[in-house]
Amino acid sequence: MSLAHAPAAARPSLWPAAAGRVLAGVALLGAVALLPWLSGADPARTVLRARSADQNPTPSELAAVRGQLGLDEGPLVHLAHWLGGLPGGDAGVSWVSGAPVMPQVGTALSVSLTLMLGAFGVTVLVAGLVCARTVFLGSRRRLRQDRAGTTAAVLASLPKFLLASVLATVCGVGWGWFPSSGWEGPQSMVLPSLALGIPSGAMLGGMLGQALPAAFHEPWARTAYAIGLPPGHIARDGLRRTLPGILPQLLPTVVALVGGAVSVEKIFNIPGLGRLALEAAVAQDLPVLQTATLALVLLGVAAGMLIRALRHALLGRPLRDGALPALHRPPLTVPRSLRWVTTACALLLLALVTAGLLRDPLQVDTAARLLSPSLEHPLGTDALGRDLLARLGHGALRTAGVALAVTAVSAAIGLLLGMTPRASAGPTEVASTLPAVLAGLLIAGVTGPSVWGAACAVCVVGWSPYAAQTAALLEQERASGHIAASVALGAGRLHLLRRHLLPAVVPALLRNALLRLPTTVLVLASLGFLGLGEQPPTPEWGRLLSENQPYAELAPWTVLGPAAALVVLSVLAVTGSVLGRRNGA
Amino acid sequence: MLASPIKPEPGRSGQPDRSTTGSDMRTTSRGLIAALALTPLLAGCFAPGDSDAGAASGGRLRVALAVPPVRALSPYSNDATVLSKLSVAEGLTALDKNGTAEPALAKSWKQDGATTWTFELRKAEFQDGTELTAQAVVDALDHAGTAKPKPRVLSDVSLTAKAEDADTVTLTTTSPDPVLPLRLASPALAILSAKAYAKDGAVSPVGAGTGPFEITRLNGKTKATLDRFDGYWGGKAKAPGIDVSWVADGTARANALRGGEADIAEWIPTAQAKLLDKKTRHEVPSVRTDSLILNTGSGLFTDAGLRAAAREAVDGSALVDSVFGGYADPAQGLFGPAVPWAADKRAEVTGRTKAATAAEVKTGTKGRTLRLATYTNRAELPEAAAVLQQQLERAGFTVKQDVREYTQMEGDLLAGKYDALVFSRVTLLDTGDAVDYLASDFTSEGVYNIAGLKNASVDKAIRAAAAERDTGSRQEKIMRAEAEILRTDAVVPLVHEQAVQGVAADVEGVILDPRERSLIDVDTHLK
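One line per chain: the protein sequences are A and B, in this order.
When you line the first sequence up against our numbering, it's residues 1032 to 1616, in that order.
When you line the second sequence up against our numbering, it's residues -13 to 513, in that order.
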């Protein structure tokens, strides 16, 4: 860890960053190449299943497949063969289809990139709307009250697959504005981009909204206001001051959608890279999986370097010269409504848990299926006649507990790794674009089905947003004058860390972590099909949402209850943290 | 008031500390953003859809199929059924409603001896313009026989084909095969023209079938275009063509039909069926039976009394109106209403073990939990498992579920690492004959014997059915084998599934096939 202020003139060596990228990529590709041998599931069997579901897995058929694929040669020969073909643009042929891999992955990648760009557009729009009020008031020096970010928290906690289902049904089927599925032209992009972009935009907007008041509080803004510069310019400069801290989040939030939008790709029937990689991983179709992973790794590294260049362009010379003032949040009053919102959310959750715990969450009653809310079942029943209130209540502690623990561990790992920004840049970029499902498959391969597997898998990829954020904020912080002053006054590394660096990073990190809490719940549940996490029928919010998703239109209350609970939890976490900060300050 | 000189934004002109680097960078980033925004246009990566081939384009049928092609529609894979569903390719025979063989490319056949059959071909033409000859048939069947892995339909028989003259083919089997004409109806044994078979073993049916529709373009795993083949021996198809899109997600398929983007959507999930207009919803009894397999080989259910207790505890009819939303029939045995002869020939199950009482179950399990497995690939199964768990717990068992994706657990299933499995199985496989399913799933040496059943009288009954040549007696023997299997309580049938096919109100002549092998033929068309 080099916490000390780097001398402005010395150019940092590029080697650690390059080595980190190469090592991270190689490690991931190596793990993927070993998947069939790690998982203990015979690839001959999975490939045979994928080709022909009804085929009996007789020893002779399995031997035929094994011979065809050359499985007995072992992983190294395969990896070497695959690597050998790459320079010539040949990534081998798919084990399942026998077709060349490169065109498949190329098409899927371009589809996913296009979708990602659409989602990026929506993200920018939504993020802009979320912090529009702060920008408007801040640029006019009328920012008196702190914003809790309730809107951002609500939007960020909307499950993407639910949003996708609703959009497909309402705008696709109901109103017929856009095609409900398929990928046939720009009009097919609209709904999936919205489903992916709204939560992402709210998340980024929420983080930006928290950073902006500090920028508008800086002396330049006061001066600019005093000499009568138009608010538009002050707003632009304020954004330019805060965006570099948020930009790295684009990688795990938006770029990661290239491989990580499987549920939305399924709902809209988009032939994207996420689905291709998942299918290949399930069938253990190594050439396809390796090539898709390589594409994701390269994309992550490229996007990471692009974002880094953009950041440096925005911050400009002050960053290099160590002349960047630290951002300090102004003392803003907390709106009274915030207390009300927090109390209401807390009471609501408490009531939900108490009422739910008094009921039986596992009682199946096939006669009482999909009942709408009534006195007997205040939140209605699910497709098996189980009481949704009971399931929500019983699932609350487990869901919130596991999600908080996973988030805390991820944030801690991210914080630690983010402190060595050059070495961790590569692993961060690679982990950012790695779909959690792939991590889950690798974990499931090693551990088999396990309760802790899901949490491990999410931690394996979940730290990247925090590492990216920590690295970015620390870089800015180290470039600030007061660190140089502290060092000059003889401050040790620990002192710097405790007094200057951590206080600059932790509040923003906390905000990020809390906004990501609902996503964590959903990602944890999405690994259930690998046997990772609690097995059904254990109630858990993420599972409630996914198991009731098919009934979203027939019985909307089956998904509204869990979705609302997730929103309430998220709002409580975010507003509670704002209140806590107030009281702590 | 001081303007900070180290403000990151260099600001507008007139400010003294303007840094030129900053504004240079700004133009660069603008250029970048512009480049990014243009990418979608440059990439041109939308599926080249036939936007002009929509509803208005003269009666072409738009079909949403469920299972995307895995091997470019090769007949020796999952994709084979697509060829028969869309009437692209045909075999020598076809199956009629009752599951008996009827003429297709062969206009007649006769059995010359125990192992020899002669097939007379009709005059037909391949879609690439070549004639159907005996040699073409021989070549096609030889390719199927040497395909690796072997198609399921040929797993227990070896075929030798020989061209006698231009339109006569003799088929010889190594051992007597009473169901050969049924076998030949399998889409895996479709006859394709010579150009379909590549040297490396790949098979492409594009433009190589004999059916009324010809595949003109296959676009990866998303779309295919089919045009009418005017040289079809059975007359011209009424529809000018078919536009196929593969939509793996059931909700998306239902949405495509409801949104008017598809005329036919197969396999609507039961959760979505109620959302469809009544006129567009067609249920077909399916040959798929869902059952609870009990592991007789190891663990809890090696005890016949406990198996009987589980059989008594489990009530599949409770699933019909709940999990299956009414789209299923309560189980009558292994074979349901989609197997037309099963009900009349069903043999009574006698001499079953007496079920253990709840108290006996408690002591008999010796504190062990019942590992109840099922897989997520069929949405109804995890729900059914939740219902069964409660039923089994009432009978005194302690149940723990293990629910995963099928390929994730197949190894564990075959290794017997579970006690009970909620399982969905197609009971009439390629051959249209049921013996194959019974032999692979329930005989001692069966390769798919998940129940771990090793029972001499079951083996004997299945062998007897396999050897029987006369169709009627064969069916009787199959039903006797069914009774033998049920007596062991290795399998508890739960429900017979129904498939829900979504067909728009203006489509006529869609075939609702229990075996899921036909869908569109010459007569299917838009009104």
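Bear in mind the hints are in silico, worked out from the structure with no lab data behind them.
Cβ coordinates follow ideal geometry from the N, Cα and C atoms, glycine included.
Just to be clear, a hint being listed does not mean it is correct.
[What the hints assert, rightly or not] Computed footprint of chain B on chain A, listed as stretches where at least three residues anywhere in the stretch have a Cβ under 8 Å from a Cβ of chain B:
| # | stretch |
| --- | --- |
| 1 | 1077 to 1088 |
| 2 | 1208 to 1216 |
| 3 | 1363 to 1375 |
| 4 | 1588 to 1600 |
Hint check:
1. 1077 to 1088: holds (count 11)
2. 1208 to 1216: holds (count 7)
3. 1363 to 1375: Contact hint for the stretch 1363 to 1375 of chain A vs chain B: violated, 0 residues under 8 Å.
4. 1588 to 1600: violated (count 0)
When each numbered hint is compared with the structure, violations occur for hints 3 and 4.
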